[in-house]
Each structure stands twice: as structure tokens, then as C-alpha cells.
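S.K.: Okay, here's what each chain looks like letter by letter:
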Amino acid sequence: MSNPRSDEGSGDADSRTVTFGRHGVRAGFLTALPIALGVGGYGIAFGVLAAGAGLSAAEAGLMSATVVAGTSQIVAVELWADPIPVVTVLLAVFAINLRYSLMGAALQPWFSRLSAKQAYGSLFLMADENWALTMRDLGSGSGRGAFLLGSGIAVWTFWVGSTVLGVLAGGAIGDPARYGIDFVLAAVFVALAAELWEGRSSLVPWTVALAGALLAAELLPGQWYILVGGALAGGVEVIRYDG
Amino acid sequence: MAEVLSLDPRVVAVILAMAVVTFLTKVGGLWLLSRFEVSDRLEAGISVLPGAIVIAILGPEFASGGPAEWAAGGLTLLVMWRTGNILLALVAGVVGVVAFRAVG
Numbered sequence: 623m624s625n626p627r628s629d630e631g632s633g634d635a636d637s638r639t640v641t642f643g644r645h646g647v648r649a650g651f652l653t654a655l656p657i658a659l660g661v662g663g664y665g666i667a668f669g670v671l672a673a674g675a676g677l678s679a680a681e682a683g684l685m686s687a688t689v690v691a692g693t694s695q696i697v698a699v700e701l702w703a704d705p706i707p708v709v710t711v712l713l714a715v716f717a718i719n720l721r722y723s724l725m726g727a728a729l730q731p732w733f734s735r736l737s738a739k740q741a742y743g744s745l746f747l748m749a750d751e752n753w754a755l756t757m758r759d760l761g762s763g764s765g766r767g768a769f770l771l772g773s774g775i776a777v778w779t780f781w782v783g784s785t786v787l788g789v790l791a792g793g794a795i796g797d798p799a800r801y802g803i804d805f806v807l808a809a810v811f812v813a814l815a816a817e818l819w820e821g822r823s824s825l826v827p828w829t830v831a832l833a834g835a836l837l838a839a840e841l842l843p844g845q846w847y848i849l850v851g852g853a854l855a856g857g858v859e860v861i862r863y864d865g
Numbered sequence: 485m486a487e488v489l490s491l492d493p494r495v496v497a498v499i500l501a502m503a504v505v506t507f508l509t510k511v512g513g514l515w516l517l518s519r520f521e522v523s524d525r526l527e528a529g530i531s532v533l534p535g536a537i538v539i540a541i542l543g544p545e546f547a548s549g550g551p552a553e554w555a556a557g558g559l560t561l562l563v564m565w566r567t568g569n570i571l572l573a574l575v576a577g578v579v580g581v582v583a584f585r586a587v588g
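As they're listed, the protein sequences go chains V and S.
Taking the numbering used here, the leading residue of the first sequence gets 623, the next gets one more, and so forth.
Taking the numbering used here, the leading residue of the second sequence gets 485, the next gets one more, and so forth.
Think of the hints as simulated: they come from the structure by calculation, not from any bench.
Positions of the beta carbon are idealized from the N, C-alpha and C atoms, including for glycine.
None of the hints are false.
Stretches of chain S that chain V covers, calculated by requiring three or more beta carbons in the stretch to come under 8 Å of a beta carbon on chain V:
(1) 488-500
(2) 503-511
(3) 530-537
(4) 545-554
(5) 557-570
Partial list, computed: chain V residues near chain S (C-beta under 7 Å):
(6) Ala679
(7) Thr688
(8) Val708
(9) Ala717
(10) Ile718
(11) Tyr722
(12) Ser723
(13) Gly726
(14) Ala727
(15) Leu745
(16) Ala813
(17) Leu814
(18) Leu818
(19) Leu832
(20) Ile848
(21) Gly852
With the rest of the complex left out, here is chain S (with noise of 0.2 Å):
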């Protein structure tokens, strides 16, 4: 149980330097708003961030799979998009790859 309770220190200060950031970025447009004014053209740009960077982390993932994880990746998308469930997407998806790696 030691092990379920171990702080490293480095790695609670970049946990703690992640917080600090995020809540930064939290508070920065309502503090920053009466000084500056930003731009739609800068909004549009900031909005898609969270969408592209999740692509860029599965692109060159899925580009370096194969076949079962292809297809296991179509099956979580489906349940994700037919069902709204995250825990459900992600179970089709790993019972996906396991069988489709066993016929593989």
C-alpha cells in the first residue's frame, strides 16, 4: 500500500507546475478581458486547439498500428458515436483489439 501513497517529489512540483498553469489559463481570459480585447479571429483559432492536438497524438499512433488496431479504432468510434458512453467506447475498443489481434 506504500506503493498507492508514494509522492515523488518531482513529480508532485510538475503536477503542481500543471495546475498552476491550467488554472492560469482558467482565470486569464476574465482578468485579461477588461485590457485587451481578443480578437474572433483569434478565438477561432485558440477553439480548435483541443480537437487538433488529440488528432496529432492519433495520427502518427495509428499510423505505426496495424489492421486490428484500425479496426478496433472504427469500433470505438461507432460505439462512441451510437451510444454518447464513454466506459462502453472504451470496453468495445479493448475487446475489439483483443479479438481482432487473436484473428489477425
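Isolated chain V, as found in the complex (with noise of 0.2 Å):
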């Protein structure tokens, strides 16, 4: 903590070793315990719908115990129904948590220096608040090559925690629509945007993803639109990008 710099360590991989022991653990959890305090609403938020789309606790627990991407998991738990579509479920996780491949090659620099099993074991908890929590921690250059694992467990933790007390809350509450539970759904997407949002750039991205989504709403079955409005987004910025 002594160098403040909070530039996303840009590649300039000090000379310095990095560590992997309890210590990088330790300030790991304790630095994202207050950011996994604001995971568990989402975890919460995410438990009321995977009980309204009929999981149990033990599955919406197993599901983010082993998943661990709450996004993703949303969108999953939005898509079910009986049969579960598996292969549109798959597509959309994968197309939500393919940022995460970005955000571990990121890590490269410090985690190169780790065993496979340190590293791959770390990633597993990546979510994007540890991430982003790592990035600085290792970019002040600390060495702490166990941030992520560390502040992984203070995420993991809480996000299971409360999607078990959100599918316990969400069993409880009865018919949906008397109290606007069908409406949380749509209040968590709200949410989510509003976080994704980083200003002007996300405009032509979202219009194209919007106007995808309307249009493939009318002309394809099921929830295909959801698909198809991403992947235009994302086309789109591949082709507009200019540097």
C-alpha cells in the first residue's frame, strides 16, 4: 500500500518476486470483505429468482458455489424452464463470462510466476470486484500473488451465503406478482446496466444490442434475441473499432 499507484499495472511486470502464502490471503479477504457485503445483495437478488424459476436451495447454493459468475448466473436462471434450454443456457454464459478470459490474461504478468495449480486455483474465484481488487493490489506492486484466491474466498463466501437466504426468502414470499416480485427481475437488470455503463462508449454498442433484441423478438422463437442482440453489439464494436 505504500505506492499508490493505481494505473492497472500496465504490463511493466517489476523485478520483484511474487509471493503466494497466507499473507496475500489474508490481505486479500480482508481488502474485499466490504465490497462481498454489496455481493451478497446481488447474491440475494439472484436467490429470489433461482426460486422463482423453481431451483432448490441445494441447486441455487451448488450453482453458485461452482459457477461463481453472478451475471451470468442471472441470465441463467432467466432462461430456464422446463425443459431447461441447455445449449441457449451454455451460449449465454459462455458469451457473458468470455470478459473473464481477458480479465485472467491480465493477471499474466504476476501469475506466469505461480505454479498451474496457484494460478488456475486463484482464477476459479475471479469474479469482477476481486478482480479489479488484484489489479490494483498487484499493479502497487505488493507480490502478493494469493490477493486473488484470498479476496476470491470473502466473495465466494457471502455470494453462496446469500443465495441460499434468497431462495429461503423467495419460498416464503407466495404468489409473485401480488407483491412486484415478478418485477425483480427487471429491477436487477436495471441494476446490473446501470453498473455496466462506462458513458458514451457503451452507446452504440447498446442501441445496436437494443435494436438486435427488439427486432429479433418479433422474427425468432424462444430467447434467442438475447443472443442475437449481443453478438451484433459485439460484431459491431469489432468493426467500428478504431484504437
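Given two chains presented individually in distinct reference frames, assemble the corresponding complex, making use of the accompanying hints.
M.R.: Here is the structure:
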């Protein structure tokens, strides 16, 4: 923390050694605790939605414990039906989580010095929140290679615990429309959108996604409009990118 | 309580498949980095996906709703922007939609 440099560790992999130990786990865990509380808010919302989709507390808890990727889980539960549209769910999860590849790649200057077990084990617990904290920590030259693991443990614990609480709360509510619970999903996505908005640079892809989804919802069956909207926005961004 | 603990094998299978797909995206970048160069162009495209998919879900959802849902959506957005607190934003949206439906 002595070096307040806040750039995202832009490649100048310092020559200091990267350690992987209890100290880093502890630092990551404590730093992430306040943010993990916020993650708990999403977990409760996810649990309520999962209960609405017919998932048991055990199933939703298992999903949070093994997938550990909030937005994609919320979308998956939105797509959930009987029978489960497996291909659509997996494609959506893949598309939404593809950004993790970029985030994981950004850790390369430090993680290339860890063992495969340490690096890939830590990446299992990578979420947006603890990744950002970890980039800041490693970028400041701390050399604490276990920071992602420690912060990930904090996020994971709150995410799984709040998911189960949310399912139990959701199951106790009864008729959803009476209390406006049918609106929770839309409200969750509105809140997610507010967090994902990156200013003017989001305007074009989001407009493309909106127009594409509205059109595809008219023309195509099921929930393909979600992937169509997302893919069109990604494609347009690739084409119009100008450095 | 049996219901709380129930684990449908098909559901578990889909969940585990989701977990595998997600894990591959999480480790894929680090693994591929030494083998391929990801262009800035492709990176820009991938980075807009989460927001774009959220919007693609919201669009038709709100298009099929009415003034009560639109107003409640606006209220959710406002509270989220002002407070950054997801639970507060959700409560505002849900209370809002009940109130707007009652008057609408």
C-alpha cells in the first residue's frame, strides 16, 4: 500500500518476486470484505430469482458455489424453463463470461510466476469485484500472488451464503405478482445495466443490442433474441474499433 | 425441508456444465496468452458483451410491459445511480411497480 500507483499494472512486470502464501490470502480477504457485502445483495436477488425459476436452495447454492459468476447466473435463471434450454443457457453463459478470459490474461505478468495449481485455482474464484481489487494490489507492486485467492474466498462465501438466503426468502413469499416480485428480475437487470454503463462508449453497442433484440424477439422463437442482440453489439464493436 | 435440499440430476448436470464453461473462460485467457495474440479489436468486442446482453434482455421485457413497469424501471435506475446500493434499488423498483400498478 506504500505505492499509491493506481494504473492497472500495465505490463511493466516488476522484477520483484511474487509470493503465494497466507499473508496474501489474508490481505485479499480483508480488503474484499466490504465489497463482498455488496455482492451479498446480488446473491439475495439471485436466490429470489432462482426460487422463482423452481430451483431448490441446494441447487441454487451449488450453482453459486461452482459457477461463481453473478451476471451469467442471473441470465441463466432467466432462461430456465422446463425442459431446460441447455444450449441457449450454455451459450449465454459463455458469451457473458468471455470477458473473464481478458481479465485473467491481464494477470499474466504476475500469475506466470505461480504454479499452475496456484494460478488456475485462484482464477476459479475470480469475479469482477475481486479481480479489480487484485489488479490494484499487484499493480502497486505488492507481489502478493495469493491476493486473488483471498479476495475470492471473501466474495465466494458471501455469494453462496446470500444465494441460499435469497432462495429461502423467495420461497416464503408466495404469489409473486401480488408483491411486485415478478418485477425483481427486470429491476436486477436495470441495476446491472447502471453498473455496466461505461459512458459514451457504451452508447453504440447498447443501441445495437437493443435494436437487434427487439427485432429478433419479433422474428425468432424462444430467447434467441438475447444472443442475437449481444452478438450484434460485439460484432459492431469489432468492426468500428479504431484504436 | 426435503424440497430445500432436492437435487434434480438434470439440473445438477446443467449447473456443472455451466461451471465448466465458466471455468474455461476464466482460465482460458491466461492459458491462451502464451500461444495467441488477442487483438485490441477483438478485446473491444468482447468487453461490450455483458452490458449488451443485459440490454438485449431488458429491451423486449420493457417493450411488453406498460407505463407502471417503465416508471418503476426509471425509479430503479435513479436509486441505483444515486446510491449505488443494489438492494435499495431493488426495493425501490418493487415497491414502485406495486404502487404504479395500483394507481394505473
